[in-house]
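Chemist: Here are the chains, one letter per residue:
There are 2 protein chains.
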Amino acid sequence: MLQLEHILGFIPEYLPYYQLALMHRSKLEEVEQNNERLEFLGDAVLGAIVAEYLFKRYPNQPEGYLTELRSRIVRRESLNNVAMRMGLQKLVQYNNSDRGLSRSHIFGNALEALIGAVYLDKGFIKTRKFIIQQIIKPYIDIEHIESTDTNYKNQLLSWAQKKGHTLVFESIEEKTEGTRRVFTVGIVLNGEVIITGNGFNKKDAGQVAAQKAIEKLNIT
Amino acid sequence: MLQLEHILGFIPEYLPYYQLALMHRSKLEEVEQNNERLEFLGDAVLGAIVAEYLFKRYPNQPEGYLTELRSRIVRRESLNNVAMRMGLQKLVQYNNSDRGLSRSHIFGNALEALIGAVYLDKGFIKTRKFIIQQIIKPYIDIEHIESTDTNYKNQLLSWAQKKGHTLVFESIEEKTEGTRRVFTVGIVLNGEVIITGNGFNKKDAGQVAAQKAIEKLNIT
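Residue numbers (our numbering), protein chains in the order written: chain A, 1 to 220; chain B, 1001 to 1220.
If you're looking for bench data, these hints aren't it; they were derived computationally from the structure. For every residue, glycine included, the Cβ atom is placed at its ideal position computed from N, Cα and C. There could be a bad hint or two in this list.
Here are the simulated SDA-like pairs of lysine to any residue, each with C-alpha atoms no more than 25 Å apart in a straight line [as the list claims (entries may be wrong)]:
id, chain 1, residue 1, chain 2, residue 2
1, B, K1137, B, V1168
2, A, K90, A, K56
3, B, K1129, B, H1165
4, A, K56, B, G1123
5, A, K56, B, Y1014
6, B, K1056, A, E36
Calculated from the model, a selection of chain A residues having no Cβ within reach of chain B, i.e. all distances over 12 Å [what the hints assert, rightly or not]:
id, residue
7, T67
8, G87
9, I214
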């Protein structure tokens, strides 16, 4: 309870929301009793609040910049990492003996569910405060996320060189989506397309593809 | 102005937000003066409010059901259609002579930007009311959207039969994403995979693929 209050930064009112948020499916399969519905809600609320936060923080950046930045802040790996640093692994109920579970995802998902619980318990304004004060400010280094913008491609290329792989970026498709051109760039590793990325220009598409490749290949 | 008030259901306070929301990029390229940033914000706010609406309306449906239903409600085609029926095409400023523009997308995007404007002007609670009272209730038939759930596959198969095409659903991949199995089903039209869909089971993946194929092939 004290740990939960410390994580939240306030005293929760209706406890069952929080108990549900911390209940992973591996513990109780029944949908009414696990946190997946709350995760759906929390994910959406988080997306809106981060969108507003970036919209106001970067008044001169175009939509594409905000979209990209947001997707990096709320993406699975980022949330897993934040959840672990918040100490959620001490509170989440899950089946320890299920060896097929990818643990860190459980905590990122539980963080989203916790946001859903806060929203139901305290409403939008308090949830915004919780997200900004307890999550973004202490755990998310937006300047750092911004500055790594153009480094995925280099990171991937230097990895390939070190390992003796041939790696090229290849333009695969250009199409019109709505009013915009969308570009698809593929990463060709030793002659085989291993992953693709999309963007509103080739540079962005290449970055997206490189970022996905780095995750897929577990390059650190 | 009267038309805008009619669409909003209230009297707007800070007009520049709304003027910006109705300004398409084809009219003014500069990012500070077109509606794309507001569209980013409005899209996120709409996603959160629809998520909460479905979460409360369907207390016993699992997360996957809510996710699917929401994605159909907020998807591009659906919003374009709603925007046209609301009469947004009479208010949006865009370049009439630009023949490369896909018109209907302009209005769906402007609807999202308008939601962003309402949010900045009036806050979250009023925006929720606007979305539920002025958009969802009059223009979105959720029961109908739900009932078309299982019909994409049949619709696609009967189209293929009528046209004399061979069409089969083929399981392409099964992988683990986080704690879950994700299935990819492809649609094979005359021997060629034309599109794929993902889902947490093969049935859902097939439906997603069928829905995408119907859009791609312009089947009505």
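Chemist: Are any of the numbered hints broken by this structure? If so, which, sorted upward?
Modeler: Structure breaks hints 1, 2, 3, 7.
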